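Novice: This is what each chain is made of:
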Amino acid sequence: MDVTLGLLPDSPAGDDGGGVPSGGSTTVKSILTKEDNNKNNMVMCSEVSSSYPVGDQNLGDLELGLGLSIGGGGGGGLKGKVVAGGGGWSQYARILTAKDFKQNSCSSSSCSVSIPNSATDSVSPTNGNSVVGWPPVSKAHRMPSLANENKSPTGNRISVTEQTKSKNRTVVINDYSNEKARISDKKYRSVKVNMDGSLIGRKVDLNAHTSYEMLAQTLEEMFFRRRSSTEAAKSSRLLDGTSEFVLTYEDKDGDCMLVGDVPWQMFLSSVKRLRIMKNSESNELAPRFQESHERRRTDVV
Amino acid sequence: MFPEEVLEHVFSFLNSHTDRNTASLVCKSWYEMERWCRKRVFIGNCYAVNPRVVIRRFPEVKSVELKGKPHFADFNLVPEGWGGYVYPWIVEIARAYPWLEEIRLKRMVVTDECLEIVAKSFRNFRVLVLESCEGFSTDGLAAVAANCRNLRVLDLRECEVEELSGHWLSHFPDSFTSLESLNMACLGSEVSFSALERLVARSPNLKTLRLNRTVPIEKLSTLLQRAPQLVDFGTGAYSAEIRQDVYSRLADAFSRSKNLKSLSGFWDVTPAYLPAIYSVCSQLTSLNLSYAATRSPDLTKIVSQCYNLQRLVVLDYIEDTGLNTVSMSCKDLRELVVFPSDPFVGEVDVLLTEQGLVSVSQGCSKLQSVLYFCHQMSNSALISISKNRPNLTCFRLCIIEPRVPDYVTHEPLDVGFGSIVENCKQLTRLSMSGLLTDRVFEYIGTHAKNLDMLSIAFAGDSDLGLHHVLSGCDSLRKLEIRDCPFGDKALLANASKLEKMRSLWMSSCLVSFGACKLLGQKMPGLNVEVIDERENVNSLPEYVPVEKVYIYRTVSGQRFDTPDFVRIMGKDKDDLFSDKGLKVAVLFCSNFGTFRPCCCTRSRSL
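Residue numbers (the numbering used here), protein chains in the order written: chain A, 77 to 377; chain B, 300 to 905.
If you're looking for bench data, these hints aren't it; they were derived computationally from the structure.
It is possible that some hints are incorrect.
Claimed, not checked - Keeping only pairs whose Cα atoms sit at most 27 Å apart, straight-line, the calculated BS3-like set for lysine-lysine is:
#: 1; chain 1: B; residue 1: LYS518; chain 2: A; residue 2: LYS354
#: 2; chain 1: B; residue 1: LYS665; chain 2: B; residue 2: LYS724
#: 3; chain 1: B; residue 1: LYS748; chain 2: B; residue 2: LYS796
#: 4; chain 1: A; residue 1: LYS268; chain 2: B; residue 2: LYS405
#: 5; chain 1: B; residue 1: LYS748; chain 2: B; residue 2: LYS777
#: 6; chain 1: B; residue 1: LYS518; chain 2: B; residue 2: LYS600
#: 7; chain 1: B; residue 1: LYS327; chain 2: B; residue 2: LYS799
#: 8; chain 1: B; residue 1: LYS518; chain 2: B; residue 2: LYS560
#: 9; chain 1: B; residue 1: LYS405; chain 2: A; residue 2: LYS215
#: 10; chain 1: A; residue 1: LYS279; chain 2: B; residue 2: LYS405
#: 11; chain 1: A; residue 1: LYS328; chain 2: B; residue 2: LYS405
#: 12; chain 1: B; residue 1: LYS665; chain 2: B; residue 2: LYS600
#: 13; chain 1: B; residue 1: LYS405; chain 2: B; residue 2: LYS506
#: 14; chain 1: B; residue 1: LYS796; chain 2: B; residue 2: LYS777
#: 15; chain 1: B; residue 1: LYS518; chain 2: A; residue 2: LYS268
#: 16; chain 1: A; residue 1: LYS328; chain 2: A; residue 2: LYS215
#: 17; chain 1: B; residue 1: LYS796; chain 2: B; residue 2: LYS686
#: 18; chain 1: B; residue 1: LYS560; chain 2: B; residue 2: LYS630
#: 19; chain 1: B; residue 1: LYS600; chain 2: B; residue 2: LYS338
#: 20; chain 1: A; residue 1: LYS328; chain 2: A; residue 2: LYS354
#: 21; chain 1: A; residue 1: LYS348; chain 2: B; residue 2: LYS405
#: 22; chain 1: B; residue 1: LYS665; chain 2: B; residue 2: LYS796
#: 23; chain 1: B; residue 1: LYS777; chain 2: A; residue 2: LYS215
#: 24; chain 1: B; residue 1: LYS506; chain 2: B; residue 2: LYS557
Stated by the list, open to error - Among the chain A residues that face chain B by a calculated CB cut under 10 Å, a handful are:
#: 25; residue: PRO211
#: 26; residue: VAL213
#: 27; residue: GLY277
#: 28; residue: ASN283
#: 29; residue: SER287
#: 30; residue: TYR288
#: 31; residue: LYS354
Model, not experiment: these values are computed from the prediction.
By construction, the Cβ of each residue, glycine as well, lies at the ideal position given by its N, Cα and C atoms.
All chains should be built: construct the whole structure from the sequences, respecting the hints.
Specialist: This is the structure we're talking about:
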């Protein structure tokens, strides 16, 4: 059974036949229809006049009912409400239904729709959650996972904005095609940077940088007090492995990664904090890092 | 009539705020008596009242507790800059209560300046608890450390602190010896360990010490040895190369900590070091392993020895088998919290199901409070739980995927949650998830008469659901709703109920601008805050649903520290219905469940 959610009388009866809101809902019998015959006849009165192009106000003809459905007829005694024209309010916002999850999970690159024993309505978003603030785990209790597998590429899908709480704008999931989903629309995004051996941490605004080079130079200025003007031509020592320090970062899974491996945008969406690590410490990092680090060393040579 | 001294003596036994509030309503003289001797003030919503009003009524306060942002701020649903600034309060109470001893803040924005004022204004300041607060840095902490000579408690719970320096701890002077509780678990950067060690060494009354992640495991034994009187200890990162000497020292130190009752921390666990705590397990009443990313066998081995455990916080790595052990070993358990190890992945890698919760509900007869994240649930499991544990007071279940039905019958979970509210008559807090229709709200409205706080997400079919809750739950004070098809009707029909509640949060629902405006106009005792970050929000028609609305009762009128994406609706005198707006006339006869149109007007405002 397709569960659709709809707003109660939002415009007078102007049946536009095929006018259904985005999402293509079908008529649903509400739970109440079974008890419709008896006392629980919910009748509500509301009156609407709006500037929305509906034609004359047919307000004597009040639409009543606790309908679930928008579009199509009503089920058993309940009048269905029909949204005139292009969908009324639904172009402005929409409640997430099971369809949204389906849609979102299929839009991410490695989609495996697993339906464990549940009704066909619900589909698990296997490659991470696209809904802000769900599941309701506060930042303090978000854990790095034990297993490193199933790391989903973060480039294409709507990023999980609850990872970085500060200075975020919440992302509203809209499923109409004209409006593109705003991905992490941050104007200013700072992450902490710590250097081994230094008690003092700093913060750097990632959005003010457009490349690894730029970031590395900023960090070198911060921590090594190197004037960028004299070093302008050379590539950053932090990045090319010639420094006694390496630049690493902690990603949203809590793993320590070498900066520079992934495309800049991907890095932006997964970085949580930066760490300038002494070269000698680098052996204790995750094997993945080890591997890529070895590769880099040989590349340099 | 009792003489004042007698009354005052009697009132000194009244500690709960509700009792004191009730006593103050008896008669004028009791009101006067009570207000002069109230020492602790609790304000659940910092915008519900003006600080000066509080100060005028209660002149002799020693302890202030304030809460700011709504609960859903924990999940990033409240945009940054919404509010909750404690500064105006700090300024006023600094002036009015020079002998203030305690400040407790939750979900508020606290600046360094606030902390400096606190540090310098109160001669006998003792307790600073900041929970889920933000806006300050280690400089503010340094000011507190340097100036609060009589500080007993510095408790930073889950705060976001800008960490400029690890030296703030060194600002506690050498003469400072009164520390009883230090919780710095939320800090990410290193603090000076030698300063920490010296501080612990000269604090004979230190009972609570919660370290942060950067304190290495090798240093733990040093600290434990310095503070054998510790009752509550939080480790740092619990990992290192496996070294026998480190392990032995640690195990030894734990075995000497005869007073230890609570353990937490355990980031980055190296399982081989876990047995070091075995010697204290039987003493523990509280254990938090929610940062310990280690598998079930390790966790099970620990809990099997915790015979006196009352509070357990773990990850779902404990699995059903581990919880089964809990149900057999931890007979005194009052509170169980199971967090998801990987909340954002749909694939279930961990064997934690509803069964774990059912076993604990069977075996632990004192279980009262549950927060449980899992991937599947059934009505029969919920019914079992409710029958096993009718003494539940707090039941929060989060099935990670929204709208998941009973995995056995594929039906909604209405009946299961209905059973919970019906059998657990003392239930004060409920959070629901899974596939839920209006019917579950009917059950809640009918049975959940003691429910104080309700959290709803991705549930319900229509306004009827919200109406059941608002009209039926007599004790309801906090209601938070997200992504439900609840709209104007139920809200407006139950407008008067909102004044009996602390607050109502609705986000991604179907409440329109017009209804918010109407509510704000008609109910002067409510602030109706529409939180909406859309760029074109000023040009949206009034029938369009708002992104978020936060409604709370207040005696201080609208606030003036709102950012541009927050609008307090209906307070402007000129703000009547606009022509192109929605004219909603919702009138009702307040019989349960039946709305009858009393009159429908078109052009006449209510």
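Novice: Regarding the pair LYS518 of chain B and LYS268 of chain A, is the alpha-carbon distance no greater than 27 Å?
Specialist: 25 Å, holds
Novice: Keeping to a limit of 27 Å between CA atoms, is the pair of LYS518 of chain B and LYS560 of chain B held or broken?
Specialist: 20 Å, holds
Novice: Does the structure keep LYS777 of chain B and LYS215 of chain A at a Cα separation of 27 Å or less?
Specialist: Roughly 22 Å between the alpha carbons, so the hint for LYS777 of chain B and LYS215 of chain A holds.
Novice: Quick one, are LYS327 of chain B and LYS799 of chain B close enough, alpha carbons at most 27 Å?
Specialist: 23 Å, holds
Novice: Is LYS665 of chain B within 27 Å of LYS724 of chain B, Cα to Cα?
Specialist: 15 Å, holds
Novice: Grab the minimum C-beta distance from ASN283 of chain A to chain B and call the hint holds if it beats 10 Å, violated otherwise.
Specialist: With a minimum Cβ separation of about 15 Å from chain B (threshold 10 Å), the hint on ASN283 of chain A is violated.
Novice: For the pair we were handed, LYS796 of chain B and LYS777 of chain B, check the Cα-Cα distance against 27 Å.
Specialist: 11 Å, holds
Novice: Does the closest beta carbon of chain B sit nearer than 10 Å to the beta carbon of VAL213 of chain A?
Specialist: 5 Å, holds
Novice: Given a cut of 10 Å on the nearest C-beta pair, is the interface hint for PRO211 of chain A held or broken against chain B?
Specialist: 5 Å, holds
Novice: Hint check: LYS796 of chain B vs LYS686 of chain B, CA-CA at most 27 Å. Holds or violated?
Specialist: This hinted pair is violated, its Cα atoms lying about 31 Å apart.
Novice: Going straight from one Cα to the other, do LYS560 of chain B and LYS630 of chain B come out at no more than 27 Å?
Specialist: Since the Cα atoms of LYS560 of chain B and LYS630 of chain B sit roughly 16 Å apart, the hinted pair holds (cutoff 27 Å).
Novice: For LYS506 of chain B and LYS557 of chain B, compute the direct alpha-carbon distance and say whether it is at most 27 Å.
Specialist: 12 Å, holds
Of the numbered hints given earlier, the model fails hints 17, 19, 22, 28, 29, 30 and 31; all others are met.
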